[in-house]
Amino acid sequence: GAGVSQSPSNKVTEKGKDVELRCDPISGHTALYWYRQSLGQGLEFLIYFQGNSAPDKSGLPSDRFSAERTGGSVSTLTIQRTQQEDSAVYLCASSLTSGRRDTQYFGPGTRLTVL
Amino acid sequence: AQTVTQSQPEMSVQEAETVTLSCTYDTSENNYYLFWYKQPPSRQMILVIRQEAYKQQNATENRFSVNFQKAAKSFSLKISDSQLGDTAMYFCAYNAGNMLTFGGGTRLMVKP
Chain A
10 GAGVSQSPSN KVTEKGKDVE LRCDPISGHT ALYWYRQSLG QGLEFLIYFQ
60 GNSAPDKSGL PSDRFSAERT GGSVSTLTIQ RTQQEDSAVY LCASSLTSGR
110 RDTQYFGPGT RLTVL
Chain B
2 AQTVTQSQPE MSVQEAETVT LSCTYDTSEN NYYLFWYKQP PSRQMILVIR
52 QEAYKQQNAT ENRFSVNFQK AAKSFSLKIS DSQLGDTAMY FCAYNAGNML
102 TFGGGTRLMV KP
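Those sequence lines, one after another, are chains A and B.
First residue of the first sequence: 10, per my numbering; consecutive thereafter.
First residue of the second sequence: 2, per my numbering; consecutive thereafter.
One or more of the hints may lead you astray.
Covered, in the sense of this in silico footprint (three residues per stretch, anywhere, with C-beta under 8 Å from a C-beta of chain B), are these stretches of chain A [to be verified]:
(1) 23–34
(2) 54–60
(3) 68–77
(4) 106–113
25 Å max Cα-Cα, derived DMTMM-like pairs, lysine to aspartate or glutamate [claimed, not checked]:
(5) A/K24 x A/D111
(6) A/K66 x A/D111
(7) B/K74 x B/E53
(8) B/K112 x B/D87
(9) A/K26 x A/D111
(10) A/K66 x B/D27
(11) A/K26 x A/D72
(12) B/K79 x A/D111
(13) A/K66 x A/D33
(14) B/K112 x B/E53
(15) B/K74 x A/D111
(16) A/K66 x B/E30
(17) B/K74 x A/D72
(18) A/K26 x A/E53
(19) B/K112 x B/E62
(20) B/K56 x B/E11
(21) A/K66 x A/E29
(22) B/K112 x B/E18
(23) B/K71 x A/D111
(24) B/K56 x A/D33
(25) B/K74 x B/E16
To give an idea of the chain B side of the interface with chain A (calculated C-beta under 7 Å), a few residues [unchecked claim]:
(26) Q45
(27) M46
(28) I50
(29) A54
(30) K56
(31) F65
(32) N68
(33) L85
(34) G105
Keep in mind that the hints were calculated from the coordinates and are not lab data.
For every residue, glycine included, the Cβ atom is placed at its ideal position computed from N, Cα and C.
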């Protein structure tokens with residue numbers, strides 16, 4: 010079946026602009042995760058959604074970052090007033106359920122470049 | 002806080018040879034899972050192998066196997082009969098709750 014998809018594949022924006030990144034998880038997966046991959050910080054957890062529960066936002070680096078998940082499926086990560094340090098690859102993953110035992114399947118990522 | 006360390010930033014191996022990638026982690030948890038993911042230039046993170054901390058038997062998936070030493074908190078990946086398609090970044094990851102904690106990665110180059 011279809012894997013996790015993300016759009017756009019690449020995004021170039023100017024400092025101070027807002028951007029929206031989209032993630033479509035694998036159908037039937039209730040858990041959805043966002044990670045950020047940057048040269049300086051490696052792979053970092055950002056936010057996690059499980060079903061209709063309140064998301065775990067503990068990894069969001071600042072209040073310029075927010076995410077939502079509509080209808081328990083598609084998720085959008087929004088970065089307001091982008092800064093150059095936001096440049097990174099943003100990876101989305103989904104798993105059948107939440108918890109340590111469930112394998113997380115990743116999308117191809119969105120490469121964000123802030124000029 | 003849990004940490005995952007991969008001490009080899011880069012490695013290379015000749016095609017058909019065997020290579021071992023190292024990973025250590027620090028945790029106070031007793032029940033957790035460990036993973037190795039592969040990330041080729043396409044950026045897609047692909048699961049290579051996973052290990053449950055409660056299982057003493059080392060996991061094996063075709064040419065990939067792990068050496069899991071729980072007391073030493075070590076989780077190395079062995080790739081046998083290396084192939085050119087194995088060229089990629091390899092990340093060790095830990096999960097004791099919901100999110101994955103990743104190591105810094107090892108860039109593996111398989112040479113013809």
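Hints and how they fare:
Counting residues of the segment 23–34 of chain A whose CB lies closer than 8 Å to any CB of chain B gives 0, which falls below the minimum of 3, so the coverage claim is violated. Given as covered by chain B, the segment 54–60 of chain A passes the check, having 3 residues with a CB less than 8 Å from a CB of that chain where 3 are the minimum. Counting residues of the segment 68–77 of chain A whose C-beta lies closer than 8 Å to any C-beta of chain B gives 1; at least three are required, and the coverage claim is violated. Residue count for the segment 106–113 of chain A with a Cβ under 8 Å from a Cβ of chain B: 6. That meets the three needed, and the coverage hint holds.
Distance check on the hinted pair: A/K24 and A/D111 sit about 37 Å apart at the alpha-carbon level, beyond 25 Å; violated. Note on A/K66 and A/D111: the hinted pairing holds, with a Cα-Cα distance of about 20 Å set against a maximum of 25 Å. Proximity of B/K74 to B/E53 is assessed by CA-CA distance (about 13 Å); at most 25 Å being required, the pair is judged to hold. At roughly 10 Å between alpha-carbon atoms, B/K112 and B/D87 fall within 25 Å of each other, so this suggested pair holds.
Distance restraint check for A/K26 and A/D111: the Cα-Cα separation of roughly 36 Å exceeds the 25 Å cut-off, and the hinted pair is therefore not satisfied. Distance hint between A/K66 and B/D27 is fulfilled; the C-alpha atoms sit about 23 Å from each other, no more than 25 Å. For the proposed pair A/K26 and A/D72, the alpha carbon gap of about 15 Å is at most 25 Å, so the pair holds. Only pairs whose Cα atoms come within 25 Å are accepted, and B/K79 paired with A/D111 is accepted, the gap being roughly 23 Å.
Only pairs whose Cα atoms come within 25 Å are accepted, and A/K66 paired with A/D33 is accepted, the gap being roughly 19 Å. For the hint linking B/K112 to B/E53, the alpha-carbon distance of about 32 Å lies beyond 25 Å, and the restraint is violated. Restraint check: the Cα-Cα separation between B/K74 and A/D111 comes to about 21 Å, which is no more than 25 Å; the hinted pair holds. For the hint linking A/K66 to B/E30, the alpha-carbon distance of about 22 Å falls within 25 Å, and the restraint holds.
The suggested pairing of B/K74 with A/D72 is violated, with an alpha-carbon distance near 35 Å, which exceeds 25 Å. With a CA separation close to 23 Å, the supplied pair A/K26 and A/E53 stays within the 25 Å bound. Distance check on the hinted pair: B/K112 and B/E62 sit about 22 Å apart at the alpha-carbon level, within 25 Å; holds. Our distance criterion of 25 Å between C-alpha atoms is broken by B/K56 and B/E11, whose separation comes to about 30 Å.
Between A/K66 and A/E29, the direct Cα distance comes to roughly 17 Å. Compliance with the 25 Å bound is thereby established for this hinted pair. Proximity of B/K112 to B/E18 is assessed by CA-CA distance (about 10 Å); at most 25 Å being required, the pair is judged to hold. Taken as a hint, the B/K71 and A/D111 pair is honoured in the structure, with Cα atoms around 20 Å apart against an allowance of 25 Å. For the hint pairing B/K56 with A/D33, the CA-to-CA distance comes to about 33 Å; that exceeds 25 Å, so the pair is violated.
At most 25 Å may separate the alpha-carbon atoms for a hinted pair to count; B/K74 and B/E16 exceed this at roughly 30 Å. Using the Cβ-Cβ criterion of 7 Å, the hint placing B/Q45 at the interface with chain A is satisfied: the shortest such distance is roughly 5 Å. Interface hint status for B/M46: upheld, as the beta-carbon distance to the closest one in chain A is roughly 4 Å, under 7 Å. Annotation: interface hint on B/I50 violated; nearest CB of chain A at approximately 11 Å, more than 7 Å.
Checking B/A54 against chain A by beta carbon gives a least distance of about 9 Å; that is not within 7 Å, so the hint is violated. Interface restraint check for B/K56: the shortest CB-CB distance to chain A comes to about 11 Å, outside 7 Å, so the restraint is violated. Below 7 Å, beta-carbon pairs count as interface contacts, and B/F65 has none with chain A, the closest being about 15 Å; its hint is therefore violated. Proximity of B/N68 to chain A is violated relative to the hint, the smallest CB-CB distance being about 21 Å (cut-off 7 Å).
The beta carbon of B/L85 is not positioned within 7 Å of any beta carbon in chain A (closest approach about 21 Å), and the interface hint is therefore violated. Taking 7 Å as the C-beta cut-off, the interface hint given for B/G105 holds, the closest approach to chain A being about 5 Å.
Going through the hint list in order, the structure does not satisfy hints 1, 3, 5, 9, 14, 17, 20, 24, 25, 28, 29, 30, 31, 32, 33.
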